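Engineer: As a plain string of letters, each chain reads:
Protein chains: 2
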Amino acid sequence: MDVKDLFESIKKFEGKEVTLEGWVRNNRNQSNFGFVDFNDGTYFKSLQLVYDKELKDFDNISKIRVGSAIRVKGKIVKSEGSGQSHEMKVSSVELLGDSPEDYPIQPKRHTREFLREVAYLRPRTNLFNAVFRVRSVAAQAIHEYFQSHNYVYFHSPIITAADCEGSDQMFKLTTFDLNNVPKDEKGNADFKKDLFGKKVYITGSGQLHGETYALAYKKIYTFGPTLRTEKSNTKTHANEFWMIEPEVAFCDLNGIMNIEEEMLKFVIKYVMDKCPLEMEFFDKFVEKGIIEKLNKVLNSKFVRITHHDAITLLKEANVKWEFEPEYGEDIAKEHEKYITEHFNGPVFITDWPKDIKAYYMKLNPDNETVAAVDLEVPGSGELMGGSQREDDYDKLINRMKELNIDYSEMDWYTNLRRFGGCYHSGFGLGFERLIMYLTGIENIRDVIPYPRTPNNCDY
Amino acid sequence: MDVKDLFESIKKFEGKEVTLEGWVRNNRNQSNFGFVDFNDGTYFKSLQLVYDKELKDFDNISKIRVGSAIRVKGKIVKSEGSGQSHEMKVSSVELLGDSPEDYPIQPKRHTREFLREVAYLRPRTNLFNAVFRVRSVAAQAIHEYFQSHNYVYFHSPIITAADCEGSDQMFKLTTFDLNNVPKDEKGNADFKKDLFGKKVYITGSGQLHGETYALAYKKIYTFGPTLRTEKSNTKTHANEFWMIEPEVAFCDLNGIMNIEEEMLKFVIKYVMDKCPLEMEFFDKFVEKGIIEKLNKVLNSKFVRITHHDAITLLKEANVKWEFEPEYGEDIAKEHEKYITEHFNGPVFITDWPKDIKAYYMKLNPDNETVAAVDLEVPGSGELMGGSQREDDYDKLINRMKELNIDYSEMDWYTNLRRFGGCYHSGFGLGFERLIMYLTGIENIRDVIPYPRTPNNCDY
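Respectively, the protein sequence lines represent chains A and B. By numbering that gives the first Met the number 0, the letter at position 10 of the first sequence is numbered 9, and the numbering carries on one by one without gaps. By numbering that gives the first Met the number 0, the letter at position 203 of the second sequence is numbered 202, and the numbering carries on one by one without gaps.
None of these hints come from the bench; they were simulated from the model. Bear in mind the structure is a predicted one, so any value in this text is a computation, not a measurement. Treat each hint with caution, since some may be false.
What the hints assert, rightly or not - Think about it this way: if two alpha-carbon atoms lie no more than 25 Å apart in a straight line, the pair counts; the simulated DMTMM-like pairs of lysine to aspartate or glutamate are:
| hint | chain 1 | residue 1 | chain 2 | residue 2 |
| --- | --- | --- | --- | --- |
| 1 | B | 234 | B | 335 |
| 2 | B | 182 | A | 335 |
| 3 | A | 191 | B | 176 |
| 4 | A | 182 | B | 335 |
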């Protein structure tokens, strides 16, 4: 039985003897009795085990060290102490796996930096147990939202031969021995000898492939790992992260904003419903007020403002900027922060200058802006980025030419505009950003089990 | 509105006017009236649109080509024809996106080989629309099974510096220009200059990392893309595929078999419940009797047989083998086939010779076999492979030494046996094999949206 099942029907088990297997989080004892904080990882709260001198194994039990795996039998009874409604009166304990005196995770406060060094043990702490359960539950929330709205979960390939994103930003993938790359007559790498017979990369996005399936299923979403080569050592960048990329046919920019808003609220509500103990813990120890913040989001209508109007707002603000806001230019972190604080909630910024956005975004009638939207949230900045896609074949090709994008092998993408093309939109959601937003954790390294960042690929 | 929502409450819409957007699968007409097979991809069945000469646009509508995207308004009425209970009496049609005369997907039978060549259009056919919807629904079934049983969805890293699987089998990942790899003084690739400052690979399995989280959460599962460099051009191998890897603490080999069996039945039932039209289609056109086959699995108890007894069974069979079955050796495709046909259902083969299995599998008391299990299913062969893991620190290290596995940087894995270690087990399920089993499709290239196989990485 899982401790979760026990706690969720605790009344049913009152007076009953149960057997549980799990780990010792703490073991305190006096001469006549002792307490074990027992946790099997399925539930945030530990179960208190009470054992006393009557047990013939008392001495052995009292020596069981923190971190050990045990099998315990006992009766579930109402607790006389404070801090828990029920506890287990132990009848026997079996040591399944010992733990040494120098076990790194002791019942005290460890810094997050230290816990990153023992990343393989950190999910055994309260904080990370909560973070990675929320991560799992939020992932399920995303699947349930899309599946219940008729979306098809599309598995986009991650190996690709198309370098349409600019191969500098993409990892190269090879079976070659890099100490000894086979060469052709010209002295270049002879990719004919590689597994796929050509040069291949890891895609940084599933969007283009996603569009091909959206134009068959109307609504699709991707959800998988994404690798990017950015050499950014910031709190919000990692080289491996998970991303969700929905794509919807017969949907314009307003439609996609509606979906983003509805989905985010669904996920927030789902996580708060399923992880009340974890959310309480974050509220107390990670980001005070996070529950109130999220509840407010549930009950608000997200603001929608054009990039142009956002710049005007920033220019009129009585603030000394590090980067002066300018029409036609990107928005800095400090601007995002000001805007979300100004509106005191999530804000959609729409209709961005075309020159700072991607080629596949739909050109607006002004010929200057594109139908793109970023969702900015208080505390985390940009959470989602989306756009209506350029569905005019000629305009798309022109834009690719202007930006020197090699479209010679991309007819499968451009043809979508010739074969029953239609207005369609999509967005990308960085899953780690979402988890940071939901937990209050400030560093992306603390919401990915094994983070990969520049010069850091341990475990 | 989605066509799925319409069909699922069709009675409610009787006599109502609705607006739909989707694609023309076929358009047949005579001088006074015409029929469009209309499909928006959210539902397997097409909606029949009926339009007649009364419409001022009759001539334009009758010329709309197959593949075009349209917006249609009309009233839902009971159908007088056979083949459908309801249809739409059209009041107006708007062409949103034209399709040319030479559009590749015409209302006729296309070969699967041809459709692989236009992989970006094949989900617009009945067959592939069904396959990839089932793929999506089966993925959700897997998530629902594990989430509802207290598992944590664990996102295993795919970039790794540990070459514990043998680096020959793993893709190398780099940001280097392969035409010009930076060299150190010794003339070797200078990985200090690469993004992670060291040589990195793509893992072929999330199991080892999964174990670290199972020993914190008790129950975890992974579900993500997996890349392997196998140069196999068979119907069941691809270099990129999706895999599910559950890992469960306090679980032995029998326990993991119970989970495999329960999970598989859950997924089968879920898909049959959610995709009845698709399953009917497969039963009719892909694998006759597949519904009966799957129903039988639901109602059976899977056979469990040791590898030793399976070899005895094969030796005693009155069959001329291509590969003679031998104790201590692997089981060939023809043997798998015989065994599943003999028992007429899924079969667990347990306790394999240690020399043909991985180092991390638990050594049995006989010192010859390991607590490993393969699940063989009729038609598809090996569907899942699992084992109880070696939880004895010394035995694990010995086995790694015997097999010359470099464990110098794997203390995060081996230490799991020192820090509250416990008996634990897990398995791997190749998601594409499952989809082949559920749909009757025989080639893995037809159950992955964009297959990657040796010398094949298009799109």
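Engineer: Next, verify each hint and record whether it holds.
Structural biologist: Against the structure, the hints come out as follows:
Only pairs whose Cα atoms come within 25 Å are accepted, and residue 234(B) paired with residue 335(B) is accepted, the gap being roughly 16 Å. Simply put, residue 182(B) and residue 335(A) have alpha-carbon atoms about 43 Å apart, too far for the 25 Å limit, and the pair is violated. The straight-line distance between the Cα atoms of residue 191(A) and residue 176(B) is roughly 16 Å, inside the 25 Å bound, and the hint therefore holds. The straight-line distance between the Cα atoms of residue 182(A) and residue 335(B) is roughly 43 Å, outside the 25 Å bound, and the hint therefore fails.
Violation of the numbered hints given earlier is confined to hints 2, 4; the remaining hints are satisfied by the structure.
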